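Based on the sequences and whatever the hints tell you, model everything.
Residue numbers (the numbering used here), protein chains in the order written: chain A, 326 to 758; chain B, 37 to 191.
Hints listed in this document are in silico derivations from the structure and should not be mistaken for laboratory results. Wrong hints could be hidden among the right ones.
[Unchecked claim] Every beta carbon over 10 angstroms from chain B, so not counted as near; a handful from chain A, in silico: (1) H336; (2) L502; (3) A514; (4) P530; (5) D535; (6) V539; (7) G561; (8) H580; (9) G606; (10) L616; (11) A662; (12) E734.
[Said to hold, decoys possible] Short derived list, chain A residues pointing at chain B, Cβ under 7 angstroms: (13) L441; (14) A453; (15) I454; (16) A457; (17) P461; (18) R465; (19) L468; (20) A472.
Remember, predicted model here, so these are calculated numbers, not experimental data. All residues carry an ideal CB built from backbone N, CA and C; glycine is no exception.
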Amino acid sequence: MTDQQRSVAIHVPVLARVEGEAALDLRIENGDIAELRLRIFEPPRFFEKFLEGHHYTEIPDMVARICGICPVAYQVTAAQALEKLFNVELSPWARAMRRVFYCGEWIQSHSLHIHLLAAPDFFGCNNAIELARIAPEEVRRGLRIQALGNELMDLFGARSVHPVGVRIGGFHGAPSLARIQKMRQKLRAALPEAEALIRWAASIPMPQDDQRFVSVATRHQTDYAIETGAIGTSDGLCIEADEFDAHFAEQHLPHSTALFSTYHGQPYLVGPLARLNLNHGRLPERINTLLAEAGFVLPSRNLFHSLLARAVEILLALHEALRLLEGYRVPDSPWVAATPRAGVAVGCTEAPRGLLWHRYEMDDDGRVVNARIVPPTSQNQGRIEEDLRLSLLNFGLGHADDALRLHCEKVIRNYDPCISCATHFLRMNVERG
Amino acid sequence: MSPVHILGIGSPLGDDQAGWLVVDALLAAGVQASGGIAIEKLDRPGANLIPLLGDAAWVILIDAIQSNSPVGSIRHWGAEDWPAYGRGLSSHGFGVLDSLSLARELGSLPPRLDLYGIEIGPVSPGEPVRVEIQAAAQQLARRIAGDLNASSEQA
Numbered sequence: 326m327t328d329q330q331r332s333v334a335i336h337v338p339v340l341a342r343v344e345g346e347a348a349l350d351l352r353i354e355n356g357d358i359a360e361l362r363l364r365i366f367e368p369p370r371f372f373e374k375f376l377e378g379h380h381y382t383e384i385p386d387m388v389a390r391i392c393g394i395c396p397v398a399y400q401v402t403a404a405q406a407l408e409k410l411f412n413v414e415l416s417p418w419a420r421a422m423r424r425v426f427y428c429g430e431w432i433q434s435h436s437l438h439i440h441l442l443a444a445p446d447f448f449g450c451n452n453a454i455e456l457a458r459i460a461p462e463e464v465r466r467g468l469r470i471q472a473l474g475n476e477l478m479d480l481f482g483a484r485s486v487h488p489v490g491v492r493i494g495g496f497h498g499a500p501s502l503a504r505i506q507k508m509r510q511k512l513r514a515a516l517p518e519a520e521a522l523i524r525w526a527a528s529i530p531m532p533q534d535d536q537r538f539v540s541v542a543t544r545h546q547t548d549y550a551i552e553t554g555a556i557g558t559s560d561g562l563c564i565e566a567d568e569f570d571a572h573f574a575e576q577h578l579p580h581s582t583a584l585f586s587t588y589h590g591q592p593y594l595v596g597p598l599a600r601l602n603l604n605h606g607r608l609p610e611r612i613n614t615l616l617a618e619a620g621f622v623l624p625s626r627n628l629f630h631s632l633l634a635r636a637v638e639i640l641l642a643l644h645e646a647l648r649l650l651e652g653y654r655v656p657d658s659p660w661v662a663a664t665p666r667a668g669v670a671v672g673c674t675e676a677p678r679g680l681l682w683h684r685y686e687m688d689d690d691g692r693v694v695n696a697r698i699v700p701p702t703s704q705n706q707g708r709i710e711e712d713l714r715l716s717l718l719n720f721g722l723g724h725a726d727d728a729l730r731l732h733c734e735k736v737i738r739n740y741d742p743c744i745s746c747a748t749h750f751l752r753m754n755v756e757r758g
Numbered sequence: 037m038s039p040v041h042i043l044g045i046g047s048p049l050g051d052d053q054a055g056w057l058v059v060d061a062l063l064a065a066g067v068q069a070s071g072g073i074a075i076e077k078l079d080r081p082g083a084n085l086i087p088l089l090g091d092a093a094w095v096i097l098i099d100a101i102q103s104n105s106p107v108g109s110i111r112h113w114g115a116e117d118w119p120a121y122g123r124g125l126s127s128h129g130f131g132v133l134d135s136l137s138l139a140r141e142l143g144s145l146p147p148r149l150d151l152y153g154i155e156i157g158p159v160s161p162g163e164p165v166r167v168e169i170q171a172a173a174q175q176l177a178r179r180i181a182g183d184l185n186a187s188s189e190q191a
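Structure representation (structure tokens):
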């Protein structure tokens, strides 16, 4: 039997360096993929159900508990949705500081993923500790950038893990001018570090892969969309958040506790590379120059560019935070009052891992009747399976099981899946029969 | 920079509060956060633990452990020979020993490190802390307070 004809089964029982629990089953028969399933078996968390009956004032703090890495995304999306329903107009200060707060989360989450989770794959290392032996300065730099992101979150959220700063109408408090001035110095000092990170990320040899997929991300008329924007796709759709259900569908498949999302019946990509593909025209000139120097051409159809995309978004977030904190003044009030009303509240923002969509049906007293939360990882789940299939065929199914397993893990980690958020993540089982 | 940094690690899940209880017991016994001592509770800090390690001359770190020893038993390690470790509950699977190992690789461990583990049973949300854990926390707090006193007398 030739290598191409052999039948193999690979099972990755637990995938390391992702958040949550899942497994991958791969069965190869007669040199072709007979079965490939990403099985998310982490138990459902029923978070939407917990929210029912709770007052709108409790929602930002409750949804922050969905994720220890991207709580700001959940808070800001919920607040955006409810503020729209309650006709709350944020002050210019609060609008700007929501974006700064969100920048902190992008910086810490992206740096964590690049240095501790993804980069070891590309240096033949099993983990960040091994990577630190061969690239200590780069890992130290990554930890410094991550810590700065946490500090920025702490400024507005009182703590970086499960922050408590956001309220409907703005923030509970405003940082002092002295704290902001100190932060601006640190952000300015981090700019050359983030530029060096982009050069380093661009120098890492990546597998060549070319896949067709639809990128989906929020878009804004003037800014690189983060905390607000319409939903755009790479095939030309542009819709408001409340039109989501007309174009996107979620369905349950037996092998996963997360819902699979489709756009017009097809898998699609959300996250840093999807955002860059759609919104690179909104990057500051300095970043576009750096990307041109690094030879990074956008849009990209190679998901292995996701690590570099995260590095780019770190620099963008530093630039944005610095810009928005220029001329900072402590406001008379960090929030405006809200009056609840019954209706349906819908909102969407760009979590570090991609589009995050919330829908709340509220009663007259401002209590949640029902809630629906569509996180990035469940939206990417179908795309990950599609990517694995295409990427494995491109890689070659004749490789040894260990090489196949590592390749699959690299592909999956490109998406930085957060299974606890989606549980609605990897054990891998490969069968060659 | 505080010469001594005491870090109680835990979560709200039943016995997993062990590290926090030791901090509470130290504060109740009069060990004060002052110029020389920083003392704080951390909730599953992941890699955020690393910057806190390089900032002190002596770090005392207390966490709950599960090693099939009797519930309430106390284990101690220095800057080496940490226990074998399975996946923890930390975000993205990056736990306390991962952070310590990475800090060691980067030369960021403090000159003195005391790592204490309190053996706990199964944890679940809403469960009260077992009496064995409360007693172990008190006992460990007395031991750490004694170490701090001995250290200040030597100084």
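Does L616 (chain A) really sit off the interface, with its C-beta more than 10 angstroms from all C-beta atoms of chain B? 27 angstroms, holds
Hint validity - L441 (chain A) Cβ closer than 7 angstroms to any chain B Cβ: 6 angstroms, holds
Reported absence of A514 (chain A) from the contact zone with chain B (all CB gaps over 10 angstroms): 16 angstroms, holds
Measuring from the C-beta of I454 (chain A) to each C-beta in chain B, is the shortest one below 7 angstroms? 5 angstroms, holds
Would D535 (chain A) pass as off the interface with chain B, using Cβ distances and a cut of 10 angstroms? Holds, because the least Cβ-Cβ distance between D535 (chain A) and chain B comes to about 29 angstroms, which exceeds 10 angstroms.
Find the nearest Cβ of chain B to the Cβ of G561 (chain A) and say whether that gap is larger than 10 angstroms. 35 angstroms, holds
Hey, is P530 (chain A) genuinely clear of chain B, shortest beta carbon separation above 10 angstroms? At about 23 angstroms from chain B, P530 (chain A) clears the 10 angstroms cut-off, so the statement holds.
Hey, does the R465 (chain A) contact hint survive, CB to chain B under 7 angstroms? At about 6 angstroms, which falls below the 7 angstroms cut-off, the nearest Cβ of chain B leaves the hint on R465 (chain A) intact, so it holds.
Just to be careful: measuring from the Cβ of P461 (chain A) to every Cβ in chain B, is the smallest value less than 7 angstroms? With Cβ-Cβ at 6 angstroms, under 7 angstroms, it holds.
Classify the label on L502 (chain A) as holds or violated, using whether its beta-carbon is more than 10 angstroms from each beta-carbon of chain B. About 25 angstroms separates L502 (chain A) from the closest Cβ of chain B, which puts it past 10 angstroms; holds.
Run the C-beta distances from H336 (chain A) to all of chain B and say if the shortest one exceeds 10 angstroms. 18 angstroms, holds
Holds or violated: the hint that L468 (chain A) contacts chain B, with Cβ atoms closer than 7 angstroms. 6 angstroms, holds
The structure shown violates none of the earlier numbered hints.
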